[in-house]
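Listed here are the chains, written in short residue letters.
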Amino acid sequence: MKLSQGIAGLVVVAASVLLLVDRTEPMNPALARLSPLPPTPLDPTNRWADDARAVRLGHWLFFDPRLSLDASVSCATCHDPALAFTDGKPLAETLGVGIRKTPTILNTVHSRWLFWDGRADSLWAQATEPIENPLEMGMDRLALAHRVLAETDLREAYEVLFGPLPELHRSERFPAHARPIPNDPGHSHAVAWAGMNEQDRESVNRFYANLGKALAAYERQLVRADAPLDRYVAAMAAGDTEGGGHLSASAKRGLELFLGRGNCTTCHSGPTLSDLEFHNNQVPTADGRPPTDPGRFEGARLVKANPFNGAGAYSDDNQGPAAARVRRLKTDSMGWGEFKTPSLRNLAGRAPYFHAGQMADLESVLHFYSTLEGASGQSHHQENVLRPLHLSAEETADLLGFLLSLEGRPLDPFWNSAPPQPSLDRRP
Amino acid sequence: MSGCTRILAPVVATLLVACSPEGADPLPEPQTVTSQAGGFQARWQPSVDPLPLNDSFDATLWLSTGANGLPIEGARISVDCRMPAHRHGMLQEVEVSDEGQGRYRVLGLLCHMPGHWVLQVDLTRGAVTERAQFDLVIE
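Line order of the protein sequences matches chains F and R.
My numbering puts the first residue of the first sequence at -6, with every later residue one more than the last.
My numbering puts the first residue of the second sequence at 37, with every later residue one more than the last.
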């Protein structure tokens, strides 16, 4: 073979290799990280998380007002499926008025921390709290246990799943009302709780955690994914540079702003469009006064002290990753005034926005980030991220168009109201 | 992605994996820095490459004396990551275990925001604490 033939052959091989190399423009990694929403993660701390019977019981309980002291409100009272599982109010309002807005439950299975201040680290730990909050459902765990015992449908559904209830008929050991109240040890419920022996307290806690785990099993179903953004990213990944037409021209410009000059992915990163952590975004307080809500500073302390956390005795994996996350959590004062970055998926229907419902609509939210008008200041906090974006009217409309492209497919309507009964099966 | 690439990509990927030791992604080369006062050297190697955004990872740290390069065993060290531009750091504390011969395992690093981070290693010997730091970029 002549040298020229050899060289020609090499050139042909090289050209062939080059032709085989994908010449599609690589997708912006920041965009690729926004989609798709991954499958529902496992929760080893809740051994009933994916048990169909627990899903059914939790589904029932979510809509059952018997979980509240006067049987007047259920979880769904504040987490209304018609309002994206929120209540549409600036501050949560049931038996009393809270200090923060009711957050959505949609997609919270992807959360690292629950509540605006992250004082719970799992859906099941979160679910136990509103039931005993005097401003929410006003119940106490002993009264709830007695009620479940007395209501045949609830007792059967509970016992078929979790086994026998505590020996509640032993009234000398199990008072009618009792719960731990660390910051008010003189309260009659706290006194009654302190008067119980440790084993009985443990059995009631176990019952209470089990109800939380059933509620969590239901809440794991409340996922809305496959938004226009997801279809756009999937089309882009498949080589369609137009993204399948799933985003309007305006929404595409909004996406570009979101990833670029807006620096939105500094906090709203990842497939939930949240870093799942906490920041002080200096949003104005409702009354214009300096903020007094400690937010994450207190939330971090509370989650470490919570007996229902991932490292606690009621966790079904208290040596695993969830336990390490709680153990390693810092509680320093940097967290003062920080609140959880909310997911931007499924924003429609969740108004008003921010942790105390300070902004009536998304236009107001964007106006705030554009101008930082009325910003409450860094206060105790030193994080230095926010800069006014100085958005034009067109840019605001584009960002809004992008935000509205984050609406996932609707839930199966089955999940939006109570099921026919609390149990899938009956006691043998 | 073209049809041809779609077909070839898994083949190429399989070949690449087959050629790497135990099929694992290679770890990044360890980096070494000298402490600010020159009293010790720190070498670190993360458990993953690239460094993940907002996901926990671990690292190995080797400490040696600045003068003669002897391993520093049983060191009292503090490890943290900071984000200078944002004036905050990680939201969790790492756990450090001494594996002997100047080697330390660092568990639970988590950089939750994209950008420039600084990994700080503070070594205390007697009344003196010295710092060695590495620049990290999280994308």
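Take the hints with a grain of salt, since some may be wrong.
What the hints assert, rightly or not - List of simulated lysine to any residue pairs, SDA-like, C-alpha gap at most 20 Å:
{"id": "1", "chain 1": "F", "residue 1": "K323", "chain 2": "R", "residue 2": "N90"}
{"id": "2", "chain 1": "F", "residue 1": "K323", "chain 2": "R", "residue 2": "R123"}
{"id": "3", "chain 1": "F", "residue 1": "K323", "chain 2": "R", "residue 2": "G162"}
{"id": "4", "chain 1": "F", "residue 1": "K297", "chain 2": "F", "residue 2": "P277"}
{"id": "5", "chain 1": "F", "residue 1": "K297", "chain 2": "F", "residue 2": "D286"}
{"id": "6", "chain 1": "F", "residue 1": "K323", "chain 2": "R", "residue 2": "Q156"}
{"id": "7", "chain 1": "F", "residue 1": "K323", "chain 2": "R", "residue 2": "S100"}
{"id": "8", "chain 1": "F", "residue 1": "K297", "chain 2": "R", "residue 2": "G144"}
{"id": "9", "chain 1": "F", "residue 1": "K297", "chain 2": "R", "residue 2": "S92"}
{"id": "10", "chain 1": "F", "residue 1": "K297", "chain 2": "R", "residue 2": "V130"}
{"id": "11", "chain 1": "F", "residue 1": "K323", "chain 2": "R", "residue 2": "L143"}
{"id": "12", "chain 1": "F", "residue 1": "K297", "chain 2": "R", "residue 2": "L146"}
{"id": "13", "chain 1": "F", "residue 1": "K323", "chain 2": "R", "residue 2": "D158"}
{"id": "14", "chain 1": "F", "residue 1": "K297", "chain 2": "F", "residue 2": "I174"}
{"id": "15", "chain 1": "F", "residue 1": "K323", "chain 2": "R", "residue 2": "V69"}
{"id": "16", "chain 1": "F", "residue 1": "K323", "chain 2": "R", "residue 2": "D85"}
What the hints assert, rightly or not - For each label pair, taking beta carbons as the anchor points, the in silico distance ranges come out as:
{"id": "17", "chain 1": "F", "residue 1": "D280", "chain 2": "R", "residue 2": "Q72", "range": "40 to 50 Å"}
{"id": "18", "chain 1": "R", "residue 1": "V154", "chain 2": "F", "residue 2": "P403", "range": "40 to 50 Å"}
{"id": "19", "chain 1": "F", "residue 1": "M20", "chain 2": "R", "residue 2": "F93", "range": "43 to 53 Å"}
{"id": "20", "chain 1": "R", "residue 1": "V154", "chain 2": "F", "residue 2": "D146", "range": "23 to 33 Å"}
{"id": "21", "chain 1": "F", "residue 1": "E291", "chain 2": "R", "residue 2": "T165", "range": "40 to 50 Å"}
{"id": "22", "chain 1": "R", "residue 1": "T165", "chain 2": "F", "residue 2": "G370", "range": "45 to 55 Å"}
{"id": "23", "chain 1": "R", "residue 1": "L63", "chain 2": "F", "residue 2": "T285", "range": "25 to 35 Å"}
{"id": "24", "chain 1": "F", "residue 1": "P22", "chain 2": "R", "residue 2": "D134", "range": "44 to 54 Å"}
{"id": "25", "chain 1": "R", "residue 1": "P66", "chain 2": "F", "residue 2": "S410", "range": "54 to 64 Å"}
{"id": "26", "chain 1": "R", "residue 1": "P64", "chain 2": "F", "residue 2": "A227", "range": "28 to 38 Å"}
{"id": "27", "chain 1": "F", "residue 1": "V90", "chain 2": "R", "residue 2": "G136", "range": "57 to 67 Å"}
Read the hints as simulated data drawn from the structure, not as lab findings.
Even glycine gets a Cβ: it sits at the ideal position worked out from N, Cα and C.
Can you give the numbers of the hints that this structure goes against, from lowest to highest? As far as the earlier hints go, 3, 4, 7, 15, 16, 19, 20, 21, 22, 23 and 24 are violated by this structure, in ascending order.
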